[in-house]
Amino acid sequence: MIFKKSTYNLILASIFALLLSACAQQAAKLDSQIQGDVYTGTDTVEYLADGVPDRVFFATNESVLTTASRDTLRKQAAWLRKNSSINVVLEGHADERGTREYNLALGERRANAAKDYLMTYGISENRISVISYGKERPVDSGSNPLSWSKNRRSVTVKAN
Amino acid sequence: MKKIRLLIILISICLPLNVNALIEVDITRGNLNPLPIAVSALYSDQDTNEALKKEIKIDQIGNAISIVIENNLKATGLFNPLEKKAFLQKPDVAHLKPRFEDWSLIKAQALITGKVEYKDDKVRVEFRLWDVLAAREMLAIAFTTVPNNWRRIGHIISDKIYERLTGEKGYFDTRIIYVSEKGPKTKRVKKLAIMDQDGFNTKYLTLGNELVLTPRFNPTNQMVTYLSYFKNLPRVYLLDIETGIQEVVGDFPGMTFAPRFSPDGKKIIMSFAKDGNSDIYTMNLENRIVERITNHPSIDTSPSYSPDGKFITFNSDRSGYQQIYVMRSDGSRVKRISFGNGLYGTPVWSPRGDLIAFTKLHKGKFYIGVMRTDGTGERLLTENYYQEAPSWSPNGRVLIFYRETKSNSEGEGFSAKLWSIDLTGYNERKVTTETDASDPSWSSLLSN
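Chains as they are written, first to last, in this note's numbering: chain A, 1 to 160; chain B, 1 to 448.
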C-alpha cells in the first residue's frame with residue numbers, strides 16, 4: 001500500500017516536472033522571439049530575395065525602427081539599388097489592441113518610418129508607395145503578446 | 001430606399017390637466033423596477049388579417065405590431081411588458097373602453113390598445129395609451145401608410161409612448177449602419193450593412209469586394225460617409241443610400257479616414273495621413289473647399305463635432321499617448337480634456353451637447369465611458385477584453401458600440417458583435433445582427 005502510494009507520488013512528481021520544463025521551454029521560446037516588446041523571430045518573415053527579409057517589427061504604439069529593423073531595411077535598400085526597375089509598396093500594420101482609426105494612422109506612421117529609412121539609403125521616393133491597413137490584416141490570428149508582436153509590422157511588397 | 005410619407009392624424013390627445021397625477025418614468029437613473037405595461041394586441045378583423053396576410057405575408061397584423069412595440073419597450077429596461085396570456089379583455093373591447101379593474105388585477109400600470117384597418121391599399125393604425133390606476137387615456141394617435149411600413153408604425157408608436165411616459169424623445173424609428181464581417185481574421189470580408197434599430201430589415205450596401213470601415217450617417221440619414229479600400233487606395237467616400245451612387249470625398253494625395261458629417265450635413269470632417277503624420281481636415285460638400293483644421297506632427301484623428309457645430313473633439317497622441325482634445329471648429333484653442341490613467345480614443349459628442357463618449361484602454365482592458373465636455377465627471381460604463389467606437393442614440397440616452405472576443409492562435413473564438421448600454425451604465429445588451437458586426441452608427445429619428 002505504502003509502496004504503491006509512493007510510486008503514485010513519484011509518477012505525479014515526474015509528470016509535474018515534465019509539465020514545468022515544457023512550460024519553461026515555451027516561455028524561453030517566447031522570450032527569444034520578443035525583445036523589449038518587439039518581435040525578433042522569423043515565423044512570418046518572407047524574403048524579397050536571398051537574405052533580404054520583407055518586414056520589420058515595432059513595439060506597442062511605437063514607430064521607432066530598432067537596430068534589427070534598420071539592418072533589414074539596409075538590405076532592402078541594397079537590393080532595390082541593384083534592381084532599379086522594381087518599385088515597392090510599404091504596408092503598415094498595427095495589432096488588434098487599439099482603436100480602429102488610431103491604428104490606421106499608426107500603420108501609416110510605421111510604413112513611413114520604413115520609407116524614410118529606405119530613402120536615406122538612396123531609394124527614390126517615387127519608387128515607394130505606402131498603405132496602412134491598421135489592424136485590419138493581421139498575419140497571426142492569436143490574441144496574445146506574441147501574435148500581436150508579429151502583427152505590428154511594416155511589410156515591403158513588390159509593386160510590379 | 002423610398003422616402004416614406006406617413007400621414008399622421010391626431011384623432012384626440014387628452015392632455016391631462018395635472019401631469020403629476022399620471023405615470024412618469026425616470027430615465028436618468030438605472031431602473032430596477034421597470035414599469036409594468038400591458039401591450040394588448042391591436043385589434044384587426046378577419047378580413048384585414050386575410051388581406052394583409054396575402055399582401056405582405058404577415059399573420060395577425062395587429063398582434064405583430066404589438067410585438068414590435070413590446071420588444072422595443074422591453075429593450076429600454078424601463079418597461080416590463082406583461083404576458084399577453086394573462087390579459088382578461090379582448091383587444092377590440094379593451095380599445096373601446098378598458099375595464100381598468102381587470103388590468104390593475106394583473107398589476108399593469110399602463111395599457112396600450114389599438115386597431116388596424118385595411119382600406120384602399122393603405123393600412124390605418126390607431127393606438128391609445130391608458131393610465132390604468134388613474135383610469136384615463138393619456139394619448140391617442142392614428143397613422144395611415146402602406147402595408148409594408150407596418151414595422152415602422154410599431155416603432156413610431158413606441159416612440160410616442162416612450163416620449164409620453166418619460167418626457168424625452170424616443171429612438172425606435174431609427175436605423176443602425178454598421179460593418180458586417182465574415183471570414184477568418186487574417187482575411188476578413190467586410191460589407192456596409194443597414195438595419196432597423198431592432199435588428200430587422202437588414203440590407204447590404206456593398207458587396208465585400210473591398211475593405212470598408214467606419215460608416216456614419218448624415219443628419220437626414222440619406223447619405224453615409226465611410227472609408228473604402230477601393231482599388232487599394234484607402235479614401236473617404238460618400239454614398240447616397242437611395243441611389244447607391246458613391247463618390248470619393250476630395251482629392252487627397254494619401255489616405256483619408258475617420259470621416260463624420262458636420263451637424264448641418266454640409267461638411268465632412270476627417271483625417272488625412274501624409275508622410276507619417278495624420279491631421280484633421282474638412283471638406284465642404286457644396287463648394288468642395290478643403291480646410292486644414294489641425295497642423296501638428298502627431299496623430300490627430302477621430303474628429304466629432306459638437307451638435308451646435310462650434311467645437312470639435314478629437315484624439316491625438318501629441319502628449320506622447322492617445323488622449324482626447326477639444327478645439328473650436330476653426331482649429332483654434334486646442335485643449336486636452338482627458339487626464340485619467342490610460343489611453344483615450346474615439347471621442348464622440350452627445351446629441352444633447354453635454355457629454356463626450358469615448359473608448360479607454362487601461363491595463364489591458366477596454367472601457368466605454370463618458371465625460372463632460374471639459375473633461376470632468378469621467379464615468380466608465382462598461383469594461384471588457386476589447387470594445388470601442390461608441391455611437392449615441394438620437395436622444396443621447398443609449399450608446400451602441402462593438403465588442404470583440406479573444407481568439408486562440410488559430411483564430412478560433414473570435415467574434416465581433418454590436419452591444420448597447422444606457423448612459424446610466426445599466427441595461428447592457430447584445431444587438432442582434434445577421435452576421436458578425438462592428439463600427440455601428442446610429443441614425444437620427446426617421447420621422448418627426
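Read the hints as simulated data drawn from the structure, not as lab findings.
Treat the hints with care, as some may be off.
Stated by the list, open to error - Using 30 Å as the maximum straight-line C-alpha spacing, the simulated BS3-like pairs for lysine-lysine come out as follows:
1. B:Lys266 x A:Lys158
2. B:Lys231 x A:Lys158
3. A:Lys158 x B:Lys182
4. A:Lys158 x B:Lys74
All values derive from a computational prediction rather than experimental measurement.
Against the structure, the hints come out as follows:
| no. | hint | in the structure |
| --- | --- | --- |
| 1 | B:Lys266 x A:Lys158 | violated, 41 Å |
| 2 | B:Lys231 x A:Lys158 | holds, 16 Å |
| 3 | A:Lys158 x B:Lys182 | holds, 28 Å |
| 4 | A:Lys158 x B:Lys74 | violated, 56 Å |
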